[in-house]
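Enquirer: Position chain B relative to chain A; hints supplied.
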Amino acid sequence: MSERILEIKDLRVSFDTYAGEVQAVRGVSLHVDKGEVLAIVGESGCGKSVTAQTVMKLNPMPPARIVSGEIRLGEHDIVAATDKEMQAIRGREVSMIFQDPMTCMNPTMQVGKQIVEAIKLHRKLSPEEAKAEAIRCLKQVNIPNPEERAKQYPHEFSGGMRQRAMIAMALSCDPKLLIADEPTTALDVTIQAQIMDLLAELKDQISTAIILITHDLGVVAGSADRVAVMYAGKVVETGSTQDIFYRNAHPYTQALLKSLPSPDATKREPLVSIPGTPPDLLSPPKGCGFAARCKHCMKICQEEYPPEFTLGEGHTASCWLLHPDCPGAAERGEKNDG
Amino acid sequence: MLRYVLKRIGYAVLTLFFLITIVFFMMRALPGDPFIGDKTPSPTTMANMRAKYGLDKPVTVQYLMYLGNVLRGDLGTSLTYERPVVDIVKSAFAVSADLGIRALIFAVIIGVLLGAVAAIKRGGPMDTFSMVVAMIGVSVPSFILGALLQYFLALKLNQAVGHQVLAVQGWGNFKQTVLPAFALGLGSLATVSRLMRTSMLDVLNQDYIKTARAKGLSRQKILWRHAVRNAIMPVVTIMGPTTAAVLTGTFVIESIFNIPGLGKYFSMSVKDLDFTMIGGTTIFYGALLIVCTLIVDLLYGFIDPRVKLEG
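Taken in sequence, the protein lines are chains A and B. Following the working numbering, the numbering of the first sequence begins with 1 at its first residue and continues without gaps. Following the working numbering, the numbering of the second sequence begins with 1001 at its first residue and continues without gaps.
If you're looking for bench data, these hints aren't it; they were derived computationally from the structure. Using N, Cα and C, we set each Cβ at its ideal position, and we do this for glycine too. Where hints are given, some of them may not hold.
[What the hints assert, rightly or not] Which residues of chain B face chain A? A partial, calculated answer using Cβ under 10 Å:
#: 1; residue: Ile1209
#: 2; residue: Lys1210
#: 3; residue: Ala1212
#: 4; residue: Ala1214
#: 5; residue: Arg1225
#: 6; residue: Pro1305
[Said to hold, decoys possible] Straight-line Cα separation of at most 27 Å, DSS-like style, residue types lysine-lysine; simulated pairs:
#: 7; chain 1: B; residue 1: Lys1221; chain 2: A; residue 2: Lys113
#: 8; chain 1: B; residue 1: Lys1221; chain 2: A; residue 2: Lys131
#: 9; chain 1: A; residue 1: Lys124; chain 2: B; residue 2: Lys1221
#: 10; chain 1: B; residue 1: Lys1221; chain 2: A; residue 2: Lys120
#: 11; chain 1: A; residue 1: Lys113; chain 2: B; residue 2: Lys1308
#: 12; chain 1: A; residue 1: Lys299; chain 2: A; residue 2: Lys258
#: 13; chain 1: A; residue 1: Lys151; chain 2: B; residue 2: Lys1308
[Unchecked claim] Residues of chain A clear of chain B, computed beta-carbon distances all greater than 10 Å:
#: 14; residue: Asp10
#: 15; residue: Gln205
#: 16; residue: Arg293
#: 17; residue: Asp325
In isolation and in its complexed conformation, chain A is listed as follows:
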């Protein structure tokens, strides 16, 4: 069952700016298996989008630079791949949908043509076959009247329809992996739900693995198999969706979950937020990135980055509180259980 689609090992990505080297991704290891949905969560600037875009080498290089690490996509070595090899991989092996469907389609090209363009690039089809295939793709994402819709321009589509068309375009060449970079952030709530349902439905049909990048834990709970929580360019905790929601161990994960507004709160409680701001990645802290905002912070947290502790099968977290020598580690583990 678990055929590995993507394996990222100790990836470090930096941006060279005038102010200095911004270490956006500081040693991320992830993997995605066939047909599963991995959610990467974290607040803005934690490196989740940079990690995902590096898989496709979509970050402009320079200023972006892969400092070290390994990315294997199927049999391809992404880090070593040339521009030309990447062109064959993009769209075919891995494709991506973006945050704002309003701006990510070419405004002067018919929607159908934009999909045909992708199909022609990776599949040996005649122009007529490619056109028919594009219409089939639009139908697959539940766009009514796909024949007519294909001839329309993006501005004639609503936001939700455009995101559907983007998904149709991304899946038109049967990629092994689909990266959805905050696919619902720019959409209103009902459309969000429709798009997430669509992704779930398609995933079952075509067995494409999905990396879902989001800061919306509600979306994660409904659709992800596994979750990686990122903070300040590192994965701080990873595990199954159950692990993250019910057996979480990292204070950042816990704080994130606490800041979720509860729909059944009757009292007029203020919304919970995490005080402080993430560290500046121009000069990242030498210890734990979350130390400055963590209420359990200890002396060692500011001096040395914690190692990864295994809490269960596939469930790991990097926090000094989990160290066996840390007083109360055992009870905390129990308390978070259930």
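Expert: Positioned in the frame of chain A, the structure of chain B alone reads:
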């Protein structure tokens, strides 16, 4: 679409009417007399001349007569050349249009390419080069550029090579068209290339360029299919004013290069107080600009599907 065009034509007629009226009364307000040249003719000759051209009647009557004639397509007889203005405009504009179109094609094609390449190779030597060209084009007036070109590329170059490479002045063969077209077009080329560069930089940062990359398109295809087409929009918008700039630019260039075009007649007619010629050329240029702008607006709706032309 049809409604839109009809409405625009209505506005055009109105604009022309105001243009004719203003020009007519401003001409009459100019000091001097068209029949007084180096020496003053006798009072009887003057009276006869005035009667012949209808200048003895009250100004309002003259104005109404003029309007009536213009409506019939008669722009009168030139006071200086004693030929119908329509004929002069016809023959002279052929030359001006030839020069203008050459300059415009040169300015737009080279300008778009230079601007696009500058944006793609941002910060590189091509970018610097295009910015230098743009700066020269914007800041050096065409008559200085024309004179410098004549001196170095025609006179000095021909002397150095020993035979004629480019002609200093005149009109008729290709050698004679190169320098005036270059001098006339460089200013517009500068404007076009700067605009194209800015617009291209903006487009290259758009999300749909990232989408195109994510599809696996090659760099060339992304640039030509997705970027240039969207980036060219602002250039199309300024094509109307650019055409105007090139056409008005011909006044000076035609004098420097001794080209028998309409611009020369236009500037001479003001000096000679040739009322009918001033009126005729102004109306002609006015109509030409209005038509150019209309064509550009229609073209815009064609290139950008988001633009709906509604009346």
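Enquirer: Would you mind marking each hint as holding or not holding in the structure?
Expert: Okay, the hints, checked on the actual structure:
1. Contact between Ile1209(B) and chain A, as hinted, is supported at the beta carbon level, the nearest pair being about 8 Å apart and thus within 10 Å.
2. Checking Lys1210(B) against chain A: minimum C-beta separation of about 6 Å stays under 10 Å; hint holds.
3. Contact between Ala1212(B) and chain A, as hinted, is supported at the beta carbon level, the nearest pair being about 7 Å apart and thus within 10 Å.
4. The beta carbon of Ala1214(B) comes within 5 Å of a beta carbon in chain A, closer than 10 Å, and the hint placing it at the interface holds.
5. With 10 Å as the threshold, the beta carbon of Arg1225(B) comes within range of chain A, its nearest partner Cβ sitting at about 8 Å, so the hint holds.
6. Hint on Pro1305(B) holds. Least Cβ distance to chain A is approximately 4 Å, under the 10 Å limit.
7. Distance hint between Lys1221(B) and Lys113(A) is fulfilled; the C-alpha atoms sit about 14 Å from each other, no more than 27 Å.
8. Proposed proximity of Lys1221(B) and Lys131(A) is supported: the alpha carbons are some 19 Å apart, at most 27 Å.
9. Restraint check for Lys124(A) and Lys1221(B): the C-alpha separation of about 18 Å stays at or below 27 Å, so the hint holds.
10. Restraint check: the Cα-Cα separation between Lys1221(B) and Lys120(A) comes to about 13 Å, which is no more than 27 Å; the hinted pair holds.
11. Taking the CA atoms of Lys113(A) and Lys1308(B), the gap is near 21 Å; set against the 27 Å cutoff, the hint holds.
12. A threshold of 27 Å between alpha carbons decides the hint, and for Lys299(A) with Lys258(A) the separation of about 25 Å falls inside it, so the pair holds.
13. The hinted pair formed by Lys151(A) and Lys1308(B) meets the criterion: a straight-line CA distance of about 17 Å does not exceed 27 Å.
14. For Asp10(A), the requirement that its beta carbon stay farther than 10 Å from each beta carbon of chain B is met, with the minimum near 25 Å.
15. The claim that Gln205(A) lies off the interface holds: its Cβ sits roughly 21 Å from the closest Cβ of chain B, which is beyond the 10 Å cut-off.
16. At the 10 Å boundary, the C-beta of Arg293(A) stays outside the reach of chain B, the nearest C-beta of that chain being 32 Å off.
17. Even its closest Cβ contact with chain B, about 47 Å, leaves Asp325(A) beyond 10 Å, as expected for a residue assigned away from the interface.
Violated hints are absent here; each numbered hint is respected by the structure.
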